[in-house]
Amino acid sequence: MLKMQSIRKSYRTDTIETHALRDFSLEVAEGEFVSVTGPSGSGKTTFLNIAGLLETPTGGQYLLDGQDVSNLNDRERSRLRNEKIGFIFQGFNLIPDLNLFDNIDVPLRYRGFNAKERKKRIEKVLEQVGLSARAKHLPAQLSGGQQQRVAIARALAGEPRFLLADEPTGNLDSLMARQVMELLEFINEWGTTIVMVTHDPDLARRAHRNIQVVDGQLSDLQRAHVVAEAANA
Amino acid sequence: MFGYYFSLAMRSLRSTPVMSALMIAAIAVGVGASMTTLTLNYMMSQNALQHKDQVLYAVQLDSWGAENAANNDSQMPWELSYRDATALLRSDIPVRQVAMHRWGGTVSQENSELRPFTADIRVTTADFFALFDIPFIHGGTWNKEADTNPQRQVVLSKATNEKLFNGENSVGRTINLSGEPYTVMGVIEHWNPSPKVHDLNNGAFNDSADIYLPFGLHRQLQIYSWGNTNGWKSEDIESYEDFLNSHYVWIQYWVELENSQQKKDYENFLTAYIQSQKAEGRYPRPLKFGLTQPSEWLVVNEVLSDDNRVLGWLSLAFLLVCVINAVALLLAKFLRKAPEAGVRRALGASRGAIFSQHLMESGCIGLIGGIAGILLTVAGLSGIRLLQMGRFDNIASMDWVMVLAAIGLAIVASLLAGLYPAWRISRTNPSIYLKTQ
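For the record, the sequence lines run as chains A and B.
With my numbering applied, the first sequence covers 7 to 239.
With my numbering applied, the second sequence covers 538 to 974.
One should not assume that every hint holds.
To be verified - DEER-style ranges, computed between Cβ atoms:
1. D208(A) / G540(B): 45 to 55 Å
2. A916(B) / I22(A): 53 to 63 Å
3. R551(B) / E36(A): 36 to 46 Å
4. N845(B) / K122(A): 51 to 61 Å
5. A865(B) / G197(A): 45 to 55 Å
6. M547(B) / N177(A): 28 to 38 Å
7. A865(B) / E36(A): 44 to 54 Å
8. R551(B) / N177(A): 21 to 31 Å
9. A865(B) / R18(A): 25 to 35 Å
10. E36(A) / L872(B): 37 to 47 Å
11. A865(B) / S46(A): 35 to 45 Å
12. R18(A) / D936(B): 57 to 67 Å
13. L872(B) / S180(A): 34 to 44 Å
14. E36(A) / M547(B): 35 to 45 Å
These are computed hints drawn from the structure, not numbers from a lab.
Glycine included, every Cβ here is placed at the ideal spot set by N, Cα and C.
Let the sequences and hints guide you as you build the complete structure.
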């Protein structure tokens with residue numbers, strides 16, 4: 007599903023060059039649930055942004071669903087992002103002026119679905135996250151957990167094959183966090199590949215696999231594992 | 538996506554009413570100020586004879602003194618003397634030709650409750666109506682003989698006919714002009730070109746005449762011009778005949794020449810005429826005459842003055858200042874919404890989609906600003922009409938062209954204002970806002 011080889015990402019100012027990712031290689035199989043952990047500033051979010059085609063790597067190769075996406079233009083990256091990738095953020099990132107229905111409608115608009123298809127999909131995902139009755143509510147009228155469920159619904163509406171979650175439970179209390187996590191597990195069981203960045207070791211352990219990012223690289227142990235897997239392949 | 542962007546734009550404008558109102562006001566004031574000036578300039582530049590621009594010519598003859606060039610860019614007097622005009626009328630080259638000037642008189646009707654009133658009169662040759670394409674409601678013009686032999690006949694404007702005869706067919710009826718009876722030969726349709734290209738010497742934006750009188754009445758009525766009478770030297774005038782034979786110019790002269798050959802023939806005719814006058818001791822200056830088309834006639838007579846042009850540019854400069862203000866406001870507003878743009882990017886919007894969405898918002902501001910600008914323009918033009926006390930009634934008003942131009946100008950101005958802010962927001966890195974929102 008996702009294959010990164012020797013990905014590098016550096017940010018340059020006039021005087022300083024910061025290496026956010028260095029020689030970063032990772033493979034995620036279709037249907038996997040992978041958690042990503044690591045200290046703050048280790049490069050987890052940079053990895054997620056590159057995986058989600060929000061940023062381009064400075065070097066290396068990134069294959070998404072078998073397609074080399076390292077050098078696509080903005081239009082093609084946006085299309086792929088819209089069709090194949092769903093995002094869930096720590097801060098929910100719902101558009102405050104839009105009600106739940108219209109928030110979920112956003113990616114479907116860019117996808118070019120007609121009104122009937124959009125309505126069908128929105129109603130379906132709202133039902134899946136248990137918020138059908140709140141479709142006309144604004145995000146501010148919901149609790150944090152409910153907002154995150156709306157964000158998940160929005161991510162799922164386009165039926166992406168790949169879900170990227172950046173600290174999805176970071177702003178939630180433990181009860182809400184557990185509910186959201188159960189929802190993600192349920193989604194994964196239906197076949198969606200999930201990569202989740204988290205600081206919470208308990209949540210990380212619930213994934214199929216946990217990778218650790220340290221100083222812009224997979225930890226030594228995991229790199230050895232990747233190399234061994236590559237050799238076996 | 539056009540409809541979606543439009544609904545997002547309107548939603549965004551409603552969500553920040555004060556800032557939206559400021560931006561709309563900036564565009565509206567700029568459009569209002571510039572369109573008020575541009576409308577005046579546009580209306581002043583209208584050529585009511587455009588459809589005959591290729592065949593009509595104002596005639597000028599350089600009859601001035603050896604050391605006295607006429608004081609205008611053409612260096613020829615605008616009008617002709619009576620003596621020259623009547624001589625030119627003898628030519629049979631033009632399809633039509635008109636010698637004319639402004640006059641006035643008192644109209645009174647016996648057995649009528651109508652109070653006597655002063656009428657604006659145009660003394661002219663019979664071709665006037667056909668040459669300037671003026672349609673008749675009733676009757677027609679007088680016989681051509683009346684151009685040279687006095688005949689008490691008139692043609693009425695539509696308004697005068699309504700005033701005197703309640704709009705009925707008055708052909709054959711009599712009006713009393715300065716105490717003398719005149720027979721009505723015809724009534725013309727409403728005809729009030731502005732600017733009055735056929736007579737720019739007597740108020741380019743004044744109303745057209747109320748009554749038209751045959752040219753052949755000069756000697757009988759001893760008619761002097763109610764417009765300008767100019768000369769380059771002092772001349773002893775002891776009788777009306779002296780005045781008619783003097784060098785004083787006061788007759789406007791137009792000819793209709795169908796093709797270039799006819800024009801060339803007429804130029805030869807004018808050349809021969811001037812040479813004949815030189816032989817009689819007149820026309821001391823080098824041989825020179827002018828045949829000027831209506832569009833050019835408006836230009837050389839500076840109907841749209843340099844001051845008007847400068848004012849037009851200044852008003853556009855003011856609009857530019859308003860646009861720059863709108864740029865700053867839009868930039869502030871769009872950058873405040875950068876996190877939302879980041880979310881949209883993450884959800885699949887391309888940079889182009891974000892750019893289009895925000896440019897649409899600018900366009901909506903322009904559309905609303907344009908409508909408000911039209912209202913301000915109408916108010917501005919009303920103010921000018923009030924200040925000018927009726928003198929600009931014909932030109933200080935918007936036609937559909939200017940209404941559409943105002944909306945177009947507002948939309949273009951706001952799109953220009955929105956280009957940079959929309960570009961900026963479309964280029965921002967979404968990941969920054971996704972993490973920190």
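Going down the list of hints, with the structure as the test:
1. D208(A) / G540(B): 45 to 55 Å: Given about 47 Å between the Cβ atoms, the range holds.
2. A916(B) / I22(A): 53 to 63 Å: Hint holds: Cβ distance 58 Å, inside 53 to 63 Å.
3. R551(B) / E36(A): 36 to 46 Å: Given range 36 to 46 Å: holds, Cβ gap about 45 Å.
4. N845(B) / K122(A): 51 to 61 Å: holds (58 Å)
5. A865(B) / G197(A): 45 to 55 Å: holds (50 Å)
6. M547(B) / N177(A): 28 to 38 Å: With Cβ atoms ~31 Å apart, the hint holds.
7. A865(B) / E36(A): 44 to 54 Å: Holds: the Cβ-Cβ distance is about 50 Å, inside 44 to 54 Å.
8. R551(B) / N177(A): 21 to 31 Å: holds (29 Å)
9. A865(B) / R18(A): 25 to 35 Å: holds (30 Å)
10. E36(A) / L872(B): 37 to 47 Å: holds (40 Å)
11. A865(B) / S46(A): 35 to 45 Å: holds (37 Å)
12. R18(A) / D936(B): 57 to 67 Å: Cβ of R18(A) to Cβ of D936(B): about 59 Å, so the range 57 to 67 Å holds.
13. L872(B) / S180(A): 34 to 44 Å: holds (37 Å)
14. E36(A) / M547(B): 35 to 45 Å: With a Cβ separation near 43 Å, E36(A) and M547(B) satisfy 35 to 45 Å, so the hint holds.
When the structure is compared with the earlier hints, no violation turns up for any of them.
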